[in-house]
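Protein sequences, first through last, are from chains A, B, C and D. The numbers in the UniProt record's numbering rise by one with no breaks, and the one at position 246 of the first sequence is 246. The numbers in the UniProt record's numbering rise by one with no breaks, and the one at position 304 of the second sequence is 304. The numbers in the UniProt record's numbering rise by one with no breaks, and the one at position 319 of the third sequence is 319. The numbers in the UniProt record's numbering rise by one with no breaks, and the one at position 256 of the fourth sequence is 256.
Hint data in this document are derived by calculation from the structure and do not stem from the laboratory. Yeah, the Cβ is synthetic: ideal placement off N, Cα and C, and Gly gets one too. Among the hints, erroneous ones may be present.
Among the chain C residues that face chain A by a calculated CB cut under 8 Å, a handful are [to be verified]: (1) H145; (2) L152; (3) T300.
Protein chains: 4
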Amino acid sequence: MLVIGSGIGGAATAWHLAARGAEVVVADAARPGTATEAGAGIVSPWTSRWEDALYPLAAAAGRYYREFTAELADSSFEVVGGMIVSADDAELAEAQERLASRAADAPEIGEVRRLDPAQARELFPALAPGLGAVHLAGAGRVDGHLLRRALLSAAERRGAKFVEGEVAFRADGTVVSPDGPLEADSVVVAAGAWSRELLAPLGIDLPVTPHRGQISHFDLPDTDTDTAAWPVVLPRTSHYLLAFGGGRVVAGATREAESGFDYRVTVAGQREVLENALTVAPGLADATLTETRVGFRPGTPDGLPILGLLRPGLAVSTGFGAGGLTNAPFAGKLVAAMALGEDPGFDLSPFAPDRF
Amino acid sequence: MLVIGSGIGGAATAWHLAARGAEVVVADAARPGTATEAGAGIVSPWTSRWEDALYPLAAAAGRYYREFTAELADSSFEVVGGMIVSADDAELAEAQERLASRAADAPEIGEVRRLDPAQARELFPALAPGLGAVHLAGAGRVDGHLLRRALLSAAERRGAKFVEGEVAFRADGTVVSPDGPLEADSVVVAAGAWSRELLAPLGIDLPVTPHRGQISHFDLPDTDTDTAAWPVVLPRTSHYLLAFGGGRVVAGATREAESGFDYRVTVAGQREVLENALTVAPGLADATLTETRVGFRPGTPDGLPILGLLRPGLAVSTGFGAGGLTNAPFAGKLVAAMALGEDPGFDLSPFAPDRF
Amino acid sequence: MLVIGSGIGGAATAWHLAARGAEVVVADAARPGTATEAGAGIVSPWTSRWEDALYPLAAAAGRYYREFTAELADSSFEVVGGMIVSADDAELAEAQERLASRAADAPEIGEVRRLDPAQARELFPALAPGLGAVHLAGAGRVDGHLLRRALLSAAERRGAKFVEGEVAFRADGTVVSPDGPLEADSVVVAAGAWSRELLAPLGIDLPVTPHRGQISHFDLPDTDTDTAAWPVVLPRTSHYLLAFGGGRVVAGATREAESGFDYRVTVAGQREVLENALTVAPGLADATLTETRVGFRPGTPDGLPILGLLRPGLAVSTGFGAGGLTNAPFAGKLVAAMALGEDPGFDLSPFAPDRF
Amino acid sequence: MLVIGSGIGGAATAWHLAARGAEVVVADAARPGTATEAGAGIVSPWTSRWEDALYPLAAAAGRYYREFTAELADSSFEVVGGMIVSADDAELAEAQERLASRAADAPEIGEVRRLDPAQARELFPALAPGLGAVHLAGAGRVDGHLLRRALLSAAERRGAKFVEGEVAFRADGTVVSPDGPLEADSVVVAAGAWSRELLAPLGIDLPVTPHRGQISHFDLPDTDTDTAAWPVVLPRTSHYLLAFGGGRVVAGATREAESGFDYRVTVAGQREVLENALTVAPGLADATLTETRVGFRPGTPDGLPILGLLRPGLAVSTGFGAGGLTNAPFAGKLVAAMALGEDPGFDLSPFAPDRF
């Protein structure tokens with residue numbers, strides 16, 4: 001069983017396969033710009049506006065997070081609570097209602113409270129004075145880099161092997177690495193935004209394109225504040241805020257669907273990130289801008305992931321867009337089952353690769 | 001003759017002293033954040049709103065630029081023309097009038113033309129569509145890093161010696177370096193924003209404070225454009241634009257009078273620079289943000305430099321604020337003369353150190 | 001009670017003062033290059049060759065580490081074990097003997113074992129094949145950045161206030177900040193390598209000089225290894241290795257006593273760090289070189305810290321050299337007591353400021 | 001006529017095509033890690049050990065450099081002289097002999113002189129004391145970034161158009177860009193190390209692989225030295241030294257044939273660059289290490305470039321290895337001729353694409 005790609009999607013799939021006793025080889029090209037490494041992770045599917053097909057998957061993925069990270073005995077994930085913030089009461093009311101309607105099936109949401117601006121600022125002192133919030137206790141943050149390593153280490157302990165370097169399909173379906181052919185009865189493609197070019201030699205045109213995200217890291221100079229306890233902040237845009245310990249705050253992210261693989265931090269992208277961060281949290285004005293990362297999320301035409309079999313012996317798990325850190329671990333479990341010829345126990349038909 | 005500091009101010013002074021036959025030692029602490037290294041240089045005093053005391057000095061400095069850089073046989077300075085840009089016709093008319101009134105005494109201004117937005121964009125393609133311009137042929141750009149090295153090399157060729165490391169005054173007026181006392185009959189302090197702390201042990205409180213500037217460098221991806229020919233762009237704020245060859249554009253700068261020596265690129269500072277750059281030149285949106293530098297300009301309470309003798313054998317040349325690359329080379333000539341007991345041939349009384 | 005400086009030394013002192021009920025103000029200039037921020041922390045005083053005066057302090061500091069970090073409820077410190085590595089059996093025997101002789105008074109050392117090269121590589125897979133080791137279970141690693149923030153947060157919770165910006169003594173002993181005079185009946189100077197210039201206006205010449213350390217951060221590409229469990233590695237030079245989770249390895253450090261405040265990563269310094277790291281651990285060859293930091297440790301002529309009263313109402317805690325992360329928290333406790341007029345309960349006479 | 005790739009190879013080809021009146025479109029994916037951007041350029045083919053097939057091409061390319069850069073009116077290339085340095089007299093004698101034997105056909109070599117260590121150090125003050133040199137006046141340095149832009153600007157002035165973004169061949173030979181199909185009667189592939197994957201969909205397996213080079217930039221703190229006049233330094237390894245004005249020195253480069261597209265600065269690679277630089281030029285020890293770049297040179301199995309027609313309407317110009325800045329401009333002229341169905345006037349048979 002060969003897994004191509006070792007971002008969160010590939011790492012989770014490999015771990016599940018190894019856990020079920022499969023002989024697993026993980027191949028990774030170590031390209032820059034993986035979505036996993038760049039991504040700051042908020043795990044809060046219940047606050048999303050995802051509807052229809054995606055929400056059930058995401059809700060199950062949210063539930064699964066506590067379970068599998070406990071199994072990993074890993075500290076990359078932490079439930080810190082989250083706040084939807086807005087100056088518009090109607091918007092907050094709508095968000096609260098959505099959470100209420102979802103809470104019955106998702107006890108992980110935890111307590112939901114409406115906070116006035118003063119209460120919100122008490123939890124996240126950098127917040128703009130006029131913003132109220134809906135706080136949910138169950139939102140979590142995840143460090144993608146650490147989680148990926150934890151998954152790969154766990155896979156290795158269960159016998160997975162690793163191949164470094166770029167691998168490629170030949171037209172006949174075999175896979176070659178820099179050190180020669182790789183034998184595999186079955187392959188899972190989890191190569192994120194690079195999945196399309198990987199599959200091209202097989203005559204398969206998977207409509208996955210890179211959506212660039214520019215994400216900035218700040219360092220708060222006020223060393224007397226314990227940022228590890230700050231909740232994640234979810235405005236009604238793509239621009240979230242996420243604090244870690246040690247004064248580190250992550251502000252993300254642009255969503256640039258037309259970027260191609262353009263690895264640059266751009267003037268307009270950086271401006272957008274800073275503008276949004278300071279609008280929501282002017283208290284970050286004097287923070288140090290320490291770093292801006294670029295990641296390419298795998299986007300699809302309908303915004304849904306691509307999960308399942310492309311043909312016998314060839315599965316795929318990609319297309320998560322900005323939802324990869326939330327959804328890919330659970331998806332990896334399902335795709336691992338399919339690759340082993342088992343019933344995943346979850347309706348994956350909306351995500352079937354042949355839907356396009 | 002000891003010169004403390006080797007930014008543009010100190011380097012120019014040392015060069016002049018050496019050129020007049022003085023035995024010169026230059027001491028420099030190589031601190032980060034010098035204004036010279038961070039500064040992008042526009043030499044266009046005639047477009048400034050500087051009045052009264054400062055303009056005559058700056059105008060003479062502008063005239064002097066062609067002369068001394070020719071003498072250095074150096075390529076750090078180039079006359080590329082400049083544009084005052086604005087969407088407000090009245091503002092442009094006022095700027096044109098100011099230039100006209102100054103042109104009689106400053107033929108270096110060169111031809112002055114009013115440009116409509118289309119003409120302005122032809123010269124600087126990234127410019128916002130609605131901005132008209134007043135173009136003056138005589139504006140120049142200077143690379144502070146290269147000019148400083150050229151001045152120091154020229155000083156060395158004329159016999160100047162160099163001491164690396166932090167030097168300090170003792171209360172008795174002697175100067176010590178890490179390698180022991182430095183003998184000097186006469187000292188020129190040109191330590192920029194650090195001049196105050198340098199002079200403190202002498203009981204002298206020079207009111208110079210660090211004004212932070214955050215300055216960003218962009219790289220244009222459109223490799224088919226010859227940016228070396230772009231004129232400098234002067235909006236009616238502190239936020240200029242300056243192009244060099246190879247697609248490099250410099251966008252400056254914040255003016256942060258309360259910063260202290262805080263060496264950080266801040267969230268608000270970076271936002272301000274990008275916001276202003278894109279307002280004036282939206283064509284820079286897709287440029288790469290390659291670097292942001294921090295420099296500390298030496299500011300004074302009245303905005304004028306401090307030039308002259310603090311007491312016999314102790315001269316000072318600092319306090320240039322954002323005008324150092326323009327004014328310091330000429331000031332170095334004048335202060336060198338004073339330090340040698342000669343008449344500088346220019347009225348420096350408005351800049352006298354004892355005016356505070 | 002005013003504490004000047006908020007590195008580990010100042011932060012610990014402030015926390016102790018606040019814990020004892022003093023009204024504490026902490027002033028910090030946020031200069032770059034603090035030893036605390038740059039330093040990777042190994043807490044293993046028992047393996048040092050420190051003798052005489054320093055060892056008793058360091059041993060007490062090592063004992064104190066478990067106690068005070070437990071009180072902070074902080075995760076910045078972790079006991080991960082350490083290895084003295086060498087190809088020379090005699091050297092290892094000597095190290096083992098030293099540990100044995102110290103173990104009676106320092107049970108924190110934990111189990112001490114001699115490891116053959118294969119055993120050593122099992123614990124730290126990147127190690128050179130020929131190196132044996134003496135392993136002690138009690139060695140710890142500390143993240144200086146996180147520890148400092150934890151101390152400051154704890155101090156704040158106990159009422160400490162914070163002043164940002166550069167403060168200075170006037171000759172009359174009063175202290176001024178950018179916002180005006182600071183009132184304090186008593187002052188503790190904990191300004192690290194900058195303590196000398198801080199005290200100069202008082203006519204006090206504290207012989208503390210900056211010792212530059214260049215420290216590199218590596219990132220291991222083998223994502224299937226759990227580096228969080230690696231022990232710290234202590235060769236018989238200044239060049240240690242320290243792993244954190246997520247594949248991060250820290251290789252330090254140069255000890256440059258003549259550097260002055262020169263904030264640069266130099267060609268020779270970087271070479272020295274890499275050369276030493278690869279000699280000890282050639283398995284790091286393919287790691288990414290992610291960052292090199294520069295820090296200035298406060299060095300003294302006799303290599304001992306300076307702890308105690310300079311005069312009534314003026315205490316000092318600095319001069320820790322490369323031992324600051326280990327020794328400063330405990331020293332902060334002692335100096336806090338002295339500043340409050342209490343008996344520190346530990347013989348600080350070898351560290352008295354007036355010994356020079 | 002479509003040129004894919006706009007490094008030196010593609011830019012030169014496009015310029016030549018446009019100069020001959022062809023309608024040219026240049027497509028470039030702006031990938032990081034291009035050899036052109038990372039490469040420091042020494043133009044000194046005569047000192048190489050290249051034999052047989054490559055030397056005649058390289059010698060012609062060296063001759064051509066003066067001609068075409070004059071035509072570009074560009075300042076990216078400068079003849080500064082070069083030194084082969086060695087402590088071994090026999091090695092220097094051999095080098096001098098090689099130059100002498102080549103001088104008859106290559107007057108561009110200029111005067112050739114043997115320098116004793118003192119003379120060599122006078123020209124390049126950072127050199128190791130014991131190294132003698134063979135100096136040739138005709139060696140040049142080139143700034144790859146500036147040269148590429150100059151070629152593209154010149155091509156644009158002659159009518160070339162530009163397409164940004166990744167293009168791909170379809171199996172039927174048509175080319176698609178992010179904005180749709182590109183029409184072209186004829187295509188030149190000049191995509192450097194990426195040429196192989198570009199051609200794969202056509203069933204063509206061009207044996208070009210990425211050879212990583214890690215290249216470091218230093219900044220000399222001795223600001224009183226005029227580095228612009230320093231000759232290039234050519235040891236008998238791949239590790240050259242190259243000075244530019246303003247104290248900038250470039251030290252290159254590793255040659256890592258097995259790297260794949262691995263964009264990382266590695267511990268071993270950085271060590272190799274610094275070790276070699278300091279062995280040859282210990283005077284660089286205190287320089288600042290400002291930056292290390294990674295570039296992927298297109299390598300071939302026999303070390304020769306691949307120039308010519310793959311089939312009618314499809315030409316290729318790549319495989320230059322470390323010699324691209326020297327050889328690609330001339331090769332671009334020849335391949336442009338072939339693509340236009342003309343006789344290139346130079347025997348390209350050793351470089352034919354079908355030789356593998």
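Output the indices of the hints that this structure fails to meet, ascending.
Going through the list in order, the structure violates hint 3 alone and respects the others.
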